[in-house]
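**Student:** Residues per chain are reported as follows:
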Amino acid sequence: MAKLARFRKRRSTEDILLDAFVYIFLICLIVVTLYPFLNTVAVSFNDGLDSLKGGIYLWPRKFTTFNYRMLLARPQIYQAVKVTLARTVLSTVLGVFSTAILAYTISRKEFVLRKFISTIYVITLYVNGGLIPTYFVYRFLGLTNSFWVYIWPAILHAFNLIIVRTYISGLPESLIESAKIDGAGEFTIFLRIIFPLIKPVLAVVALFTAVAAWNSWFDVFVYNPMKPELSTLAYELQKVLASAQQMSTSMELAMSRAAAGANEVTPRAIRATMTVIVTVPIACIYPFLQKYFVHGLTLGGVKE
Amino acid sequence: MKSELSVDPVKIKKKDTFLAKLWEQRAWVMMSFPFIVYVIIFRYLPVGGWLMAFQNYWPARSFFDQTWVGFENFKVLFEDPVFFQVLRNTIAISAIKLTLGMFFAILLALILNEVRSIKFKRITQTISYLPYFISWVVAANLVRDLLATDGIINEILMFFNIIDKPIMFLGVPELFWWVIGFSHVWKQIGWDAIVYLAAMTSINPNLYEAAMIDGASRLQRIRHITLPALRPTLVILMILNIGQLMNAGFEQVYLLQNGRVIEYARIFEIFELDFGLKMMRYSFATAAGIFRSVVSIVLVLSANYIAKRLDQERLI
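If you read the protein sequences in the order shown, they are chains B and V.
So that you can map any letter, position 51 of the first sequence is 51 in the numbering used here, and since no number is skipped, the others follow by simple counting.
So that you can map any letter, position 113 of the second sequence is 1113 in the numbering used here, and since no number is skipped, the others follow by simple counting.
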């Protein structure tokens, strides 16, 4: 369209102004989005005491990898990485498989329980027991002080279910029909025909589930606060943030000065370094799934 | 489908009954059954825990040995002077987030639609999704650094002499709602624009061509073609979001608040934590949770009803 306009007539002043506005707005958006991340990376690679003087923007002034070495030398960080990876992988694998299989059954128009199952899941989008009843139920189920509280509650989410159901409904019915004539059982149809066909939408579910698992801290805080060996990276970061909120910059400075002889890292540097460690894996993965989730979101958002 | 394949005259009568159908579809029943049990245990059993709100729950005793107090906890809740502050904060924060979020998402979608270079558009979009995927823990860290007294925003404002001494943005109660609103926009804008961009791709290109032949400028085309085409999407999203009015976004508010701004930051979940859980008033906190859920359900149902009346697709 725009190309056509350029051929037909000379660009008007309005046209040029509009283009200028568009590009200025988007460049501002890019700067505002990226600056906080880049600044944090710069701080994480800068000498902790030097950062407190201010003036670190996009590049470290006194470059050091000391902050990373210090942080990774702490055994609880290793443990948190292990727990975070385990919960992310396990809940994603279980989540994708469960969502796919249930979505397949409720995408069958003649299934008698279709409406019932859809309804009880959609209701969960709006109604939940709330913090305290949920806590007591999970404690009753033996899920508190346990790794499994990260996995079981997270594997099925109604939103993901709706996206996958909508996607399967869009597949040609004839594919399933022909498989049935060949005498395939329901589970075989699901595994051999449906599963490979819905891989794009399952990639979206995998991304959503993995990101949610990677980012969780509140369930650690509520269910496993006494179990340092079950802490996650996001929760470790939250603890650092909470303790940093207790003190002002001047206190941080005073504390760090006192510790300077011992060559300690400053709280600000720890926060920045932890932030980078938590963010980098996500930042590396999501761009590759972009075309899938844009499509998936449109399915879930507009059609439902 | 299945019935056509297994034509058996003897069974025809049976087929109409629910149980017969269930037996016929046993493969699907077996596939979905574990997940029916799952949702009941993990999502509905806690809702059963709502009964706690009508007791004076004490964890040391079993559920059935508790004293029942009727609506006493609700009475205490509605009489609590903090309750209306909590209600005000929750609704104000949600409303600000909803309005700002929609406005900027539509603005971004319109702007992206005007970009000529596909490559630039794609790169911008990819970057704009980044904040959506990070945890609020990370985002709160970044926001805190940006708004700190020695942060970049204060530095810029000082540089242009707009202010002469740094503002402690996160310490001014009246600013807190706006800090939440704009940090929400920062995190969501790229993601929220996706839906509007999708709606724009379904606009018939002939409309633009016809408008061009009639001599409509680009702004006029945006004003008279693109914007009206977004209206259905806007209306449905607006209605659906009204159902979320009682949900101000716990993680974001909890991680950005502090003692200085608590009068403006105390939303329902924080109230339940501080006035319920931490004081071991379990039944009271549950009553507050029930109030929130019930209002949400009423809002969702009315929203869904209105959406249905407007001839849009419903949720189920």
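Derived by calculation from the structure, the hints in this document are not laboratory data.
Keep in mind that a hint or two might mislead.
Stretch by stretch, here's where chain B covers chain V in the computed footprint (C-beta under 8 Å, at least three residues) [claimed, not checked]: (1) 1076-1082; (2) 1091-1103; (3) 1175-1186; (4) 1264-1273.
Calculated pairs, DSSO-like style, for lysine-lysine (alpha carbon to alpha carbon, straight line, at most 27 Å) [claimed, not checked]: (5) Lys1308/V to Lys291/B; (6) Lys109/B to Lys1308/V; (7) Lys1075/V to Lys1278/V; (8) Lys199/B to Lys227/B; (9) Lys291/B to Lys1075/V; (10) Lys1278/V to Lys239/B; (11) Lys1021/V to Lys115/B; (12) Lys82/B to Lys180/B; (13) Lys180/B to Lys115/B; (14) Lys109/B to Lys53/B; (15) Lys1075/V to Lys227/B; (16) Lys1075/V to Lys109/B; (17) Lys291/B to Lys199/B; (18) Lys82/B to Lys239/B; (19) Lys115/B to Lys227/B; (20) Lys239/B to Lys227/B; (21) Lys1075/V to Lys53/B; (22) Lys1308/V to Lys180/B; (23) Lys115/B to Lys1308/V; (24) Lys109/B to Lys227/B; (25) Lys53/B to Lys239/B.
Ideal Cβ positions, reconstructed from N, Cα and C, are used throughout, including at glycine.
**Student:** Against each hint, give a clear statement of whether it holds in the structure.
**Tutor:** How the hints compare with the structure:
no., hint, in the structure
1, 1076-1082, "violated (count 0)"
2, 1091-1103, "violated (count 0)"
3, 1175-1186, "violated (count 1)"
4, 1264-1273, "holds (count 3)"
5, Lys1308/V to Lys291/B, "violated, 31 Å"
6, Lys109/B to Lys1308/V, "holds, 22 Å"
7, Lys1075/V to Lys1278/V, "holds, 20 Å"
8, Lys199/B to Lys227/B, "violated, 37 Å"
9, Lys291/B to Lys1075/V, "violated, 52 Å"
10, Lys1278/V to Lys239/B, "holds, 18 Å"
11, Lys1021/V to Lys115/B, "holds, 14 Å"
12, Lys82/B to Lys180/B, "violated, 44 Å"
13, Lys180/B to Lys115/B, "holds, 23 Å"
14, Lys109/B to Lys53/B, "violated, 66 Å"
15, Lys1075/V to Lys227/B, "violated, 38 Å"
16, Lys1075/V to Lys109/B, "violated, 47 Å"
17, Lys291/B to Lys199/B, "holds, 13 Å"
18, Lys82/B to Lys239/B, "holds, 18 Å"
19, Lys115/B to Lys227/B, "violated, 41 Å"
20, Lys239/B to Lys227/B, "holds, 14 Å"
21, Lys1075/V to Lys53/B, "violated, 54 Å"
22, Lys1308/V to Lys180/B, "violated, 37 Å"
23, Lys115/B to Lys1308/V, "holds, 18 Å"
24, Lys109/B to Lys227/B, "violated, 47 Å"
25, Lys53/B to Lys239/B, "holds, 24 Å"
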